[in-house]
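**Q** If you want the building blocks of each chain, they are given just below.
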Amino acid sequence: MEDTHYVVLKKENFDQFISLLAQKQKLVAPVPKGFKSFAFEPVDSASQVALKYIPTVLPLKKYFMPQRETLLEYTAGKGVKAEAVVEYESLTIFGAHTCDLAGIQCLNMVFSERPKDYNYLTRKNKITIIGLECNEYCDEYASCNLVDASFPGGGYDLFLTDLGDYFIVHVNTRAGDEIVASTRSFDKTELSQLDELRKLRDAKRKIFVNEVPIETKHIPELFDRSFRARVWKDLEARCLACGNCTNVCPTCYCFDVRDELDLTLKNGIRYRVWDSCQLEPFAKVAGGFNFRKERSVRQRHRYYRKFRYPVERFARYFCTGCGRCTRTCMADINLKETLNELLKESEDRVWKRWL
Amino acid sequence: MKKPKVAFFDFACCEGCQLQVANMGETVLDVLGLIEVVEWREVMSEKWGKKVDVAVVEGSITDPHAVKRIKKIRKRAGAVIAYGSCATIGGVNGMKNNFPLEDIKHYVYGDSHRFFPTEQTKAVHQVVPVDYFVHGCPVYIPEFVAVLKAALQGIPYYPPDYPVCVECKLNENVCMYDRGVSCLGPVTRAGCNSWCINNGNICYGCRGMVSNPNEKGAQDVIAKYKIPMELVLNKMNMYNKCRELD
Amino acid sequence: MEKMVIKDSSYKLEKAKILRTKQLTDKEKFFEIALGNGQPLDHEPGQFIMISLLGIGEVPISVASSPAGRDSFDICVRAVGKVTNALHKLKAGDEIGIRGPYGKGFPIRVLQGNDLLIIAGGLGLAPLRSLIHFVLDNRRDFGKVHILLGCKQPGELLFGDELEDWNKRTDLYYACTVDRADPDWAGNVGLITTLIPGVDIEPARTFAAVVGPPVMYNFVIKELLSKGIPERQILLSFERNMKCGNGKCGRCQIQNLYCCQDGPVFNYEKIKNLSEAM
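Residue numbers (this note's numbering), protein chains in the order written: chain S, 1 to 355; chain C, 1 to 246; chain Z, 1 to 278.
Derived from the structure by calculation, the hints contain no laboratory data.
Where hints are given, some of them may not hold.
[Claimed, not checked] In silico BS3-like pairs for lysine-lysine, Cα to Cα no more than 30 Å straight-line:
(1) 15(Z) <-> 81(S)
(2) 51(C) <-> 68(C)
(3) 89(Z) <-> 51(C)
(4) 222(Z) <-> 284(S)
(5) 81(S) <-> 3(Z)
(6) 75(C) <-> 89(Z)
Keep in mind it's a predicted model, so treat the numbers as computed, not measured.
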């Protein structure tokens, strides 16, 4: 740790800091919505911001790849008159937890892989991210340690850790430096304050342990053994195929592309909208054949897209442990439980071989 | 280009969907720029009676007279749009099918029942072929406009075959199940942009079920809210009774 | 929200013009298309393009012509959905939008010098026609060439005049079968698998190229394996409902593979353990 990279934001300066941020450009932060729910929404004062919150209904991906975004504008009729467009806005995100930062890191990899997605990349470059550390678990659904997302691992411009009377702030980028310089809300760090940060992290290492009894690096092997597991079959009867788990997932990015004409039927747009592998029509082809007809197979696909397939392509897990899929499932399909059951089933099989 | 002729008709219904269309405000002017409305009992007195390009039909088919009338309409229409739950899935009128027809006749018309022949409630497509469906009770105007545009473009419109939850999540509503209230969103066909939940209400399932709903799973979920199974089934059947006739 | 035009968007459309159309069957129509910029499409046999009808939508369609020797290209479209039905209404002179070509086609350079067993079921002939034309245009670069064709009934046979020509040629073996005959049909009757035992091949130097409806693959592969053709020499092209073509939208995913980028042509060895493939 180089102490020059750290500054201090005293709690008494927090209000001023948020107000100044909001004056610079649109600022979004977690806001309470009641019923233990939170959402990232525009704010202009610190009083609106929830500093303690469980993961929001929708993750940050809604700013990076909006639910619905225009890709093409055109004139309908004879001839092809079309222009590819991107919609974007300058935005500061305040209060991103490490799980959500990990989610954006995943999406960055996907959309910068060739062929690059310039809609995503253009928008991403207009967004400033300020992270906020979780000193303890948000609730029992999180499994961030299992996927190495419980400690800050980059992906932010500034990162705040709440240490009582003050936040210690890691300045990670030039954009972060500029915020520090322009808002003038920060103080220099003292060595004792850095020491407090070290102590917090040590304490966290005791609190945050793998939520499922498996070493992180062994997860791909578990999934290699589990493609035909009984666990998936059990999900067939329970899953309602509502798509909630994928829509709230910080790393699910599947989409549909659709056309729409205006009321004159003369001008139109082509847009993309979030889609989900959990929905019945997703893997249907023109002749009507459905390559993932059963709900169990669709659920399995979701888990493999988090824990197995991206390991080959991007060398990381696409689960960030945020727990959203579990919280949102009215059928109580629980990610930690599923992993536990996979483990148990896999161990049973190993034992049977010995007997 | 000559404007396509469009006529509105109604059968057994509350005419609420017509009211939605009539209340479209500025949108209605833009849409009217594209079409010529030749028949519409609720808003005009003229009767056209000849061929139309598009017939927009509200209401369910519930008696022999209606069967005859809808067949005639079908014959003189290029395309038929069924709109509103009564027309597309039978809707609340389908509750009639819970009882023997004789009982129904006596109950409603008393001694005069023999002057009022009646039939099981049917959705429009259960009597004549339908080209476009605009589900909902009432219809969601943006979807109605989308369907009208598709009809004028001469291309099909496929109502979404995924649940209301999808649109509800995209709107980032707090889930009704998190509020401790049961909601039919998970089994109900989307396309309404989760209109009711956006406005604080639950989903009543007015758009009919998705084509392959996990009904048993949904019943189990709702039953967790200590709602008797009979009530759960009634909830599911409120709009959906007529699907037995599909 | 601000908006700007992006020149390098992967959704940008190329203009293209329909030069010629021909109704092949009740459901299938042939289109010859040229890019507006006068350049050839520069595709490989087995690749696909995204075809746009503005205001209606976009569909993935295989290219059905050889890349060599001409500036225009062919497609063969079955009217099954919104876009394909609308496409059928277009005629010569109409403009459409194009993206692509996308994906990995048949590995031409690997195939050269070897024998080919080409097996097409129904509309699967469209992408294979691209390969067949390429092979016939460069006939001496390949060894023995077998073409086996199957479809449900005689009325569904595509490219009838070309089939006659293939049948007459002495430099290739051609056979065709229908599932159900009609009174005028004098040829083979039966599933396409019934044609495979009869072909005379040297399995070690034979590459099979198979495209057809999903149900066909398992049966055909079984026959090919029993002929002794090595797994990695069995090439299959898969149909999926691609929306982006860029390996992003997830529609075409077969377990860890993206049909639009890693395929649509795969060798059997690579996908044999993927239950979502067939």
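**Q** Would you mind marking each hint as holding or not holding in the structure?
**A** Hint-by-hint comparison with the structure:
no., hint, verdict
1, 15(Z) <-> 81(S), "holds, 8 Å"
2, 51(C) <-> 68(C), "holds, 17 Å"
3, 89(Z) <-> 51(C), "holds, 24 Å"
4, 222(Z) <-> 284(S), "holds, 25 Å"
5, 81(S) <-> 3(Z), "holds, 18 Å"
6, 75(C) <-> 89(Z), "holds, 25 Å"
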